[in-house]
Amino acid sequence: AQSVTQLGSHVSVSEGALVLLRCNYSSSVPPYLFWYVQYPNQGLQLLLKYTSAATLVKGINGFEAEFKKSETSFHLTKPSAHMSDAAEYFCAVSSTGTASKLTFGTGTRLQVTL
Amino acid sequence: DAMVIQNPRYQVTQFGKPVTLSCSQTLNHNVMYWYQQKSSQAPKLLFHYYDKDFNNEADTPDNFQSRRPNTSFCFLDIRSPGLGDAAMYLCATSRVAGDSPLHFGNGTRLTVT
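Same order as they appear, the protein sequences are chains A and B. Once you know that position 25 of the first sequence is 25 in the working numbering, the rest is easy, because the numbers rise by one and skip nothing. To convert a position in the second sequence, counted from 1, into the working numbering, add 1000.
Please keep in mind that the hints were generated in silico from the structure rather than gathered at the bench. Be careful, since some hints might not be right.
Unchecked claim - List of simulated lysine to aspartate or glutamate pairs, DMTMM-like, C-alpha gap at most 20 Å:
(1) Lys-101(A) x Asp-1051(B)
(2) Lys-58(A) x Asp-85(A)
(3) Lys-101(A) x Asp-1099(B)
(4) Lys-58(A) x Asp-1099(B)
None of these values were measured; they are calculated from a predicted model.
Full structure from sequences and hints, please.
Dropping the structure here:
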């Protein structure tokens, strides 16, 4: 069985501040890990993915995440928050197989204030 | 642009009245998924198709059915919607392989009155 835990259902940062959204995973096999963003009343958009290549993964919109096996973590960061980053962020885990059956975390709502 | 399109964006149905949600893709992906997302919750996988092979999640109620007549289209049928089925329904596609990212449509928000 595989799962992800997102710590903090709500995170608030000031514009220009560091964004850190936490995700810890549990998987009995080497996982594939993803971060998705969801804007209100829209579907999910892929930010980045880890598939056992480089442990530091760069994504769209200036986001990046680092896979740390020793900590079973895959935290999402962005050096400087922008108002347009306000959204819901989901961490997800998948395993090897013929379909990407993602298991999502419960999500973190990011609020960006002036 | 290649994409996943869901129609309609908003659907209102009456308690117990069958409803069908549709999804089409131009990505030519083998796998299509239906997720249910209730307010402020994570998406929950209902089922997926690998080509024509249907794979139901163990806890998906029998009230939910799906059809995939061809590679491009997939339908979600709710036979007798209850108030608890009000949610956002997300269609997604991917290539074959566990590391392939999912491409999501914008969803259909279902209201049950």
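Legend entry - Indices of hints not satisfied (ascending): none
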